[in-house]
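J.: Reconstruct the complex from the two isolated chains, following the hints.
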Amino acid sequence: MVFSSLTFIYVFLPLSLLFHYLSRNTLYRNIALTVFSLIFYAWGEPMWIILLLISSFYDYFNGILVERFHGTWKAKLFLILSIIGNLGILFAYKYGGFIWENIDWMLKNFNEWFSTSMETPFEKPTNTLPIGISFYTFQTISYVVDVYRGDVKAQRNPLNFLMFVSLFHQLVAGPIVRYVTIAEQIENRKVDWALISSGVGRFCFGLFKKVVVANIASELVDKYMIYTYHGDGNFDLSSYEAWFGIVMFSVQIYFDFSGYSDMAIGLGRMFGFKYDENFKHPYAAQSVGDFYRRWHISLGTFLRDYVYFPLGGGRKNRYRNVVIVWILTGFWHGASWNFVLWGLYFGCFMVIEKLLEDVLKKTPRIIRHAYTLILIVFSRALFYFDTLYLSNPHFENSDFKYESDWSPLFGFIGNLFSSPNAVNPAFYGDLMMHVYFFILVILLCIPWDEIFTEENRFRLKVERVYYFAQPAVNFALLVIATTLLVNATHNPFIYFRF
Amino acid sequence: MMNLINSIVFFASISSMVVMYFIIGDDRSDIEFHNGKAYLTEEKRELTELQPFTFENYLNGDWAKTFDLFVNDNFPHREIFMQWSVELRKLRGIEVENQEKIVYIKPKKGEQPKFDDQGNPIEYLDEYDDSYSNGLLVLNGRVYPRSGGSPKLAANFARMVSEYAAQLAGEVRVLTAVPPLSSAFIPASEYSHYNGQNQRSLEAIRNNLTNGAIFCDVFTELNNHAGEQLYFGTDHHWKPIGAYYAYVAFCKGAGFTPVPLEQMEKRTKTNFLGTMYQMTQDPSVKENPDVMDYYIPKVQSTAIRYGEFGFKGSAAKVFEHGCSGGATYSTFLGGDRPLMKITTNVKNGRKAVVIKNSMGNAFSVFLISHYEELWVVDLRYSKQNLIEIIRTNNINDLIFAPGMNHVMNPNTVNMMRRLGTQSGVYIPPKPKPVVDSTIVITDTVP
Chain A
1 MVFSSLTFIY
11 VFLPLSLLFH
21 YLSRNTLYRN
31 IALTVFSLIF
41 YAWGEPMWII
51 LLLISSFYDY
61 FNGILVERFH
71 GTWKAKLFLI
81 LSIIGNLGIL
91 FAYKYGGFIW
101 ENIDWMLKNF
111 NEWFSTSMET
121 PFEKPTNTLP
131 IGISFYTFQT
141 ISYVVDVYRG
151 DVKAQRNPLN
161 FLMFVSLFHQ
171 LVAGPIVRYV
181 TIAEQIENRK
191 VDWALISSGV
201 GRFCFGLFKK
211 VVVANIASEL
221 VDKYMIYTYH
231 GDGNFDLSSY
241 EAWFGIVMFS
251 VQIYFDFSGY
261 SDMAIGLGRM
271 FGFKYDENFK
281 HPYAAQSVGD
291 FYRRWHISLG
301 TFLRDYVYFP
311 LGGGRKNRYR
321 NVVIVWILTG
331 FWHGASWNFV
341 LWGLYFGCFM
351 VIEKLLEDVL
361 KKTPRIIRHA
371 YTLILIVFSR
381 ALFYFDTLYL
391 SNPHFENSDF
401 KYESDWSPLF
411 GFIGNLFSSP
421 NAVNPAFYGD
431 LMMHVYFFIL
441 VILLCIPWDE
451 IFTEENRFRL
461 KVERVYYFAQ
471 PAVNFALLVI
481 ATTLLVNATH
491 NPFIYFRF
Chain B
499 MMNLINSIVF
509 FASISSMVVM
519 YFIIGDDRSD
529 IEFHNGKAYL
539 TEEKRELTEL
549 QPFTFENYLN
559 GDWAKTFDLF
569 VNDNFPHREI
579 FMQWSVELRK
589 LRGIEVENQE
599 KIVYIKPKKG
609 EQPKFDDQGN
619 PIEYLDEYDD
629 SYSNGLLVLN
639 GRVYPRSGGS
649 PKLAANFARM
659 VSEYAAQLAG
669 EVRVLTAVPP
679 LSSAFIPASE
689 YSHYNGQNQR
699 SLEAIRNNLT
709 NGAIFCDVFT
719 ELNNHAGEQL
729 YFGTDHHWKP
739 IGAYYAYVAF
749 CKGAGFTPVP
759 LEQMEKRTKT
769 NFLGTMYQMT
779 QDPSVKENPD
789 VMDYYIPKVQ
799 STAIRYGEFG
809 FKGSAAKVFE
819 HGCSGGATYS
829 TFLGGDRPLM
839 KITTNVKNGR
849 KAVVIKNSMG
859 NAFSVFLISH
869 YEELWVVDLR
879 YSKQNLIEII
889 RTNNINDLIF
899 APGMNHVMNP
909 NTVNMMRRLG
919 TQSGVYIPPK
929 PKPVVDSTIV
939 ITDTVP
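Going down the list, the sequences are from chains A and B.
With my numbering, you'll find the first sequence wraps up at 498, consecutive numbering, no jumps.
With my numbering, you'll find the second sequence wraps up at 944, consecutive numbering, no jumps.
Don't read these hints as lab results, they were simulated from the structure.
For each residue, glycine too, the CB sits at the ideal point set by N, CA and C.
Please note that a few of the clues may not be correct.
[Unchecked claim] Partial list, computed: chain B residues near chain A (C-beta under 8 angstroms):
#1 Ser505
#2 Phe509
#3 Ser513
#4 Met515
#5 Ser583
Pulled out of the complex, with its shape left as it was, chain B reads as follows (with noise of 0.2 angstroms):
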């Protein structure tokens, strides 16, 4: 008898899911729509929907693989089901308040849409390399990678930046401006050793710059402020007085004087969950949401932004105030463009490209008090040829900030060398933006 019940119920209770998802529908509190599309609120990302069959999908395993992840996003109650799977993994053990843990994260597999449908940048822990490999370190509500980059890889960025010194000797002046990663500031003693290593890894890039390469000593300006939140607790990018701090080790190395943060108006952004928090999911990080406060300089400014090949720019901006959530960092320029051009009313005929991955956002937008041109080149998605782009504006500053994950990463550098040698599209010197005071935008404080 009871072989029958246990038969049945067994039965029962793997059938009953695909009548309940037929029953349930869209009545879903886990679920928001956006444009007719439906997104899983908590994961931030669109819900899986069902391909249509097609001899070709099916060949190529498509339509299976999305089956699976459309069976996984639209499970019947499955936001119960998330819930119950976070308070059956505290099971494992006893939980420790204010335990130090380490979350290991996997890399996302295939290409990820780096813009969603209206051309917004979608923010990812993209850079996910060997400085996550190892795992990140939750302490006190706050994340950090638990790598302090190595040394000879750095030296291999500093070769490429040197190659370009090379070739531009005479035309440009090439400098660096990397900053470390946020390991070297974790606030507990046993983990100090990160710091040691940031800064070998950062002087590793000095002693390999050759050919008249300039090295801005961001390591020191932001180890001078190492009390301070330099870095975001709930994201993987810094906080915009880090990339301050690091604007300054910059003016040092290139000879200028840097605005001070009195003469910039301050503006703040509350409750940042970032793509750490994602990541680990970890309930003490969501109870330490970010603050971020920003800066803007008195500078007025207009920015196009081109695409990958960049055929013709659309008006953007360097302050895209509006950006909150999970978003917030994406107040820089607007996230990561593939190449930008800010011009500033700032008349010293000084002209600079900055190559850099979603960290220099934040760096980049502190450089407009000091060239009146500014070429902003996202080094993961730039098709433009970058020796095309120095010569026909007559640049004066080549300006490496990159990560320090990018650094450490060869094919992210290679991805720096490339941009010397590629063919893409080249943009004419002149785009004509419309200039019109709903689309031009002017971030200026009178």
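Just chain A, with the same shape it has in the complex (with noise of 0.2 angstroms):
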């Protein structure tokens, strides 16, 4: 089930809440938010809840255990067992196809040059990847970790663990909550209006931000990032369009995301949970390190604490660490080299800004964010395009062969710089008709909370009229989203696929 749809917000969400505050009691509670998430899971592919079972119980019994033998090697050895599990499951599931067809271009490479005949030893995995997949291990792993660490203490109650694991809130496409954040608010958490306010506050403006900003994004990035096939791998861009079409897709993937983890943080707060934010206006950053410190958060802090102070941090081969968590973070994106590239393309940003830092810092505000704009806008044409090598299933069952199985990544790339194409004239008309949805996104996109700070007269007097026009500004949202949400057939979230 997605947020965005009218099954969520209008069926699902009043009976959830309808459920949970039936009672005071905290169990009855935690029983209540339980079934609505596996109900929430499962709704669409109810096979992968068995995986989210078993996933939460091994972690469950591995976090006592570390506990019960704190100190000892025992302790050490579930740890272990705890991450090879989670990272597993991961790879059985995500990266599987990936690993298989890697081997098989390697053992087909070799068999040609070596003229033996050897096959990959196993067979390539069909499944499709489990939602949340990413997001739920990882969460799992950290609270092992954390109370390996002695951070936290281990979750007695396997119902409350489950509900850790499965918070439908923020399951399938996080922000990844750590256990350490919300161990206090399963057992005994206060609610009171203030905070489900604002938790409707934030939910419908991140609906808005998903309904209307992103997906209106989308059809600017259908329309301006596809390429026509005309059987040489030449797209009908000129340059100008393909830049606008990246420049959207940048966009919508901001607001897309974004929209969704406020939407999460908003129902977190309806049902008395506080998780931390996961962006903080990141096309707004000075450098690429800024930006990663604004986008996603929760993946950064996660690697940073579980990855990169254990290969030694900034003490001890700092180069080579960062470039190690990049790449991982790339290939948490998906099982596909473009991910690595990705990784790679920031991780060598980031060593580049670490050892130019003195010159970066004399630079010009303005050129900072040009540069780091510039570079983030280009790197998403290695998300939008996730492969480097074509396979299109149009031409699967074709005995006809496209003549350059290259992704179209690189046409795309190509055309960015330099295009054979005249710009289109439609594509003034779409500017024009467009104009007030790039005012809203620039608006949105700028760090109003960073301009005007919590002291600023002029933020209280705003924060003032808010106060007093909340009911109806968040109606009208409600009311907005509804109303295209009405006329919408498909709009799934880009980050359902990592």
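T.: Printed below as a string of structure tokens:
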């Protein structure tokens, strides 16, 4: 189920809130929330719920055992077992196909060179990616590691642990909520109208970002990043249109994902949970490093705390550690070399920024900002065309072969810098027809809360007005989103596939 | 206090819809009922009904998917929200009068039903493929695909046709009559490159045909009449006049004398809003419904249509004069039948098979003036073995007349290739239509 569906907003959410608040008893509320979370997860693809349950109970016991044998080699053993189990699930279901393809490719080449006849030792996995697997496996890993470090006590109640893993607010597309963040709230959460109301506001705002901004941007992306098949891999786009398309994809991916995170945080508050922020105006960043302190913060801090610091952090082999973390960040996003390249791309720029730290500091803000945005926007091509090698399902059952098997990614990048195509006259019409939309996007990307600090009088006034206007504002956002959803057929979240 | 009001307003809003659904029920202005089933009037489709819950359809995800569609289709006051959404979308920017627009369409997911409960064909933009993947251009209330085909893909089609020509050498003539896409005739100079692209794509067919296969130059014939409206503006098909010029080109290739339009009966249908309007939902297109003049050859004919595997035929019509509204184009052959046999009073002993998609429907009706027997095979739906039909019925001409979009799609080219090898159940050469004045239709103007 997705948050931006009429089923979720008008059937699932009211029912889950109703059942959750029927009683003040925490045990009852946790049971209600767990049941609704499992219904949410099982919606449309119920078979994966078994994997979720196995993963949850596996780490539930690992957590208890790690705590029980704290300080002994057995604790380390169960920690390693937990990590192997979680990464094993992740590799089996997310990376199995990718590993098979690469082994198969290597063996084919090996056979060709050395006239051998070796075959890939296992069948190519054909399963689809279980929704949210990248998020919940990381959550459970962080839990067991935190128990091992003594940062948190193991959860003894299996129901509470299952609820932590399966909380529908953040289960399928994050943020990656660490157990330590909500350990107290699981057993004793305090809910008041201020918290619920702020959750409502956050949810409506996130819904608006997704349904209005991300979905309209996606229509432009479909139009300006899609390639026309000419049999020779050429695009029918001018450079202006190609840049416009990739900028719109950057807009889409940000509003899509941050909209989801806003909704998740808002839903959490409606049920009494306080999740950490996952985005802080990333497109206002002054450097690549700054960007990733503002973008998908829960993944960044996870890899910082559980990979970068254990590797030695900035004290030992700093640059190597940065590159490793970034390759892992890329690989987390998907089983494709594109994502590895994407991670490497940013890893390299992070290293360069560290090396040129002094130069960057002296550079004017506007230049730093422009440099960051260009690098970020350009990198989105690796996300959009998520393969380096083309296997177009359209031609799968055909004996007709595409002339070039390389991904359209390369043709698109070529078009960004040099295109023989003239600008289509309809492009200018599209710009005019979306001019208010562009203004809205810019307004929403500006970090107003950084410009107007908490003591700022103007900000205080605006907050005061919002306090009184919030029912009307949120109702209006809900109606606008509903209006567009009624006339929409398909609007999945991009981060569902990670 | 405001926090409480905010929370209550939100909860009341999201809860009220379920309550309103039960209050409103079927009392809606956006649905109409046919044969006990509810249809969404504007969208020309059946209203989604709630599936009974079973463990099996829950496990495979069908129940949840249908439930989502059910909630969407039955959302209280859906028609009002739909109207609002059109107005809301206008707020994205500045609307310019007669502005050129590009509308991107997404392929329909999953298999679409081909026929409704009554056995009538359902009109879709079912040929979704690369011809439409670059979006549709809306220009002055008319819609065009933003594509001009590809010579390389056209060559692939020509190779397939040539294979048939080799296999059937000495038995039948193999001809092609492929029309360009409507993009070839966009009345604006900035899009004139599509004309050249279409031409190059079709020339590639000519250049790659071998084994005596005959190329009928439909493009040149249509291009000579480029100033006329050859294609619909609201639908992805061509107008009968466009199909007629293709027929003229075919006659030149086949060595026949085309029947002049004046010798046919002309009829007119108005107010046609077809698939392109459905896909774009553009108001300027809605304001420009198509008018369809069509021409009926003065030939007596009877028609029998068969299902995919065609165990037995049932009576059909070459012209379904009753078709109107969104189904206006189904006037020809009654839409896409998997296989149709037309017998005429042209006693010249010539027999032909036409391989076509829906574009070929308007074209095939002109051929009845030249053949005693015409077999019309829909390349997508027929499971009959083409070679068997040809040999059993002593066919003289095998005519490939699919739309360009199917020529450009390697999958549909392969479907045409498979027609010659698939082992569909064979139809007896002489099915027995019940000779009854009510069901054997004569398209005759004495």
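J.: Against this structure, judge whether each hint is valid.
T.: Taking the hints in turn, this is what the structure says about them:
{"no.": "1", "hint": "Ser505", "in the structure": "5 angstroms, holds"}
{"no.": "2", "hint": "Phe509", "in the structure": "7 angstroms, holds"}
{"no.": "3", "hint": "Ser513", "in the structure": "4 angstroms, holds"}
{"no.": "4", "hint": "Met515", "in the structure": "4 angstroms, holds"}
{"no.": "5", "hint": "Ser583", "in the structure": "4 angstroms, holds"}
Hint check: no violations occur; every hint is consistent with the structure.
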